[in-house]
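Using the sequences and the hints given, assemble the complete structure.
Following our numbering, the numbering of the sequence shown begins with 1275 at its first residue and continues without gaps.
Check before you lean on any hint, since a few could be wrong.
[Said to hold, decoys possible] The list that follows gives simulated cross-link-like pairs (lysine-lysine, PhoX-like), each with its CA atoms no further than 20 Å apart:
#	residue 1	residue 2
1	K1336	K1317
2	K1476	K1503
3	K1476	K1383
4	K1284	K1406
5	K1503	K1558
6	K1336	K1284
7	K1503	K1467
8	K1476	K1406
[Stated by the list, open to error] FRET-style restraints, in silico, Cβ to Cβ:
#	residue 1	residue 2	range
9	G1565	A1494	26 to 34 Å
10	Y1305	V1560	44 to 52 Å
11	T1321	G1388	29 to 37 Å
To be clear, the hints were calculated from the coordinates, so they are not data collected in a lab. No experiment lies behind these values; they were computed from the predicted model shown. All C-beta atoms in this analysis are idealised placements derived from N, C-alpha and C, irrespective of residue type, glycine included.
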Amino acid sequence: MSILVDENTKVIVQGMTGRSGTFYTDLAIRYGASYVGGVRPGKGGTTHLGLPVFDSCADAVKATSANASLVMVPAHRAADAILEAIEAGIGVIVCVTERVPQHDMTRVKAALSGSDSILIGPNSQGILTPGKCKIGVMPTRDAQAGSVGIASRSASLTSEILAQASAANLGQSTTVGIGGDAIHGIGFVECLKLFREDAETKAVVLIGEIGGSEEEAAAAYLASEPFGKPVIALIAGIHAPKERRMGHAGTLAVLGATSANEKIAALRAAGVIVAANADDVVPKVVDALTGG
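So, in structure tokens, the structure goes:
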């Protein structure tokens, strides 16, 4: 099993004919994911990478029964692309675009409320169910199917932990990059709830960082009721200077935001196993699963 996407997921790409859209769509097709078309206004009726191109998401969904979308359009158009996907009833929308204006994202968040769509990102590496479905820009060379779920704010740390897990014969059920922007779609709590219900997932890794409140929300959720599976967390940014943004738009700790150490304390209090660094994550997962 997996969460959100599997071998039955049919993906369209908004912005497929652009340079990045072409590159990553081709990689995903080669990986074996089911990509069924693309969207580019004005190019409806043409083909690209052997797939049909449509003028709108609605046209693409009607013709292909697509239930997922990969948004690969420039930041100033990304919100409108996401809104179009929501209006077309697409269930899983992945936006990898960075620096989507926050006032645009407030419109997206309002549209998501009450809809049947789940947004992953923006500024996300995407979602991967090894061997079944890839929607995003993540490498897949080290990915293996298995029982460890990963939810992360960091693409690079996700790739590092995934590679170490596979080297230790710990495959992954699904990896979800929730994105590094301050205003984004799915968060840690939603991921935890989905992994909790997934019978294949035996342990969950959370990769957090300074800024925002995703880690505190996860701690509050985990403290509120038994989770039933071990959760291992890595929080990046312990030594980051206060009030300095560290790469991601969401990693700015100001106005009384909690520090990395305070996030770690909250997670530990909720029963989460906290790794000291990236090299410590997989050994702690192994210990948790084997009772070591």
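Evaluated hints:
Distance hint between K1336 and K1317 is fulfilled; the C-alpha atoms sit about 17 Å from each other, no more than 20 Å. A C-alpha spacing of about 6 Å is found between K1476 and K1503, which places the hinted pair at or below 20 Å, so the restraint holds. Restraint check for K1476 and K1383: the C-alpha separation of about 31 Å exceeds 20 Å, so the hint is violated. For the proposed pair K1284 and K1406, the alpha carbon gap of about 11 Å is at most 20 Å, so the pair holds.
Proposed proximity of K1503 and K1558 is supported: the alpha carbons are some 13 Å apart, at most 20 Å. Of the pairs offered as hints, the one joining K1336 and K1284 holds, with about 12 Å between alpha carbons and a cut-off of 20 Å not exceeded. A C-alpha spacing of about 11 Å is found between K1503 and K1467, which places the hinted pair at or below 20 Å, so the restraint holds. For the given pair, K1476 sits about 19 Å from K1406 by alpha-carbon distance, which is consistent with the 20 Å threshold.
For G1565 paired with A1494, a C-beta distance near 27 Å keeps the hint of 26 to 34 Å intact. Checked against the hint of 44 to 52 Å, the pair Y1305 and V1560 fails, with Cβ atoms roughly 27 Å apart. For T1321 and G1388, the Cβ-Cβ distance of about 36 Å falls inside the hinted range of 29 to 37 Å, so the restraint holds.
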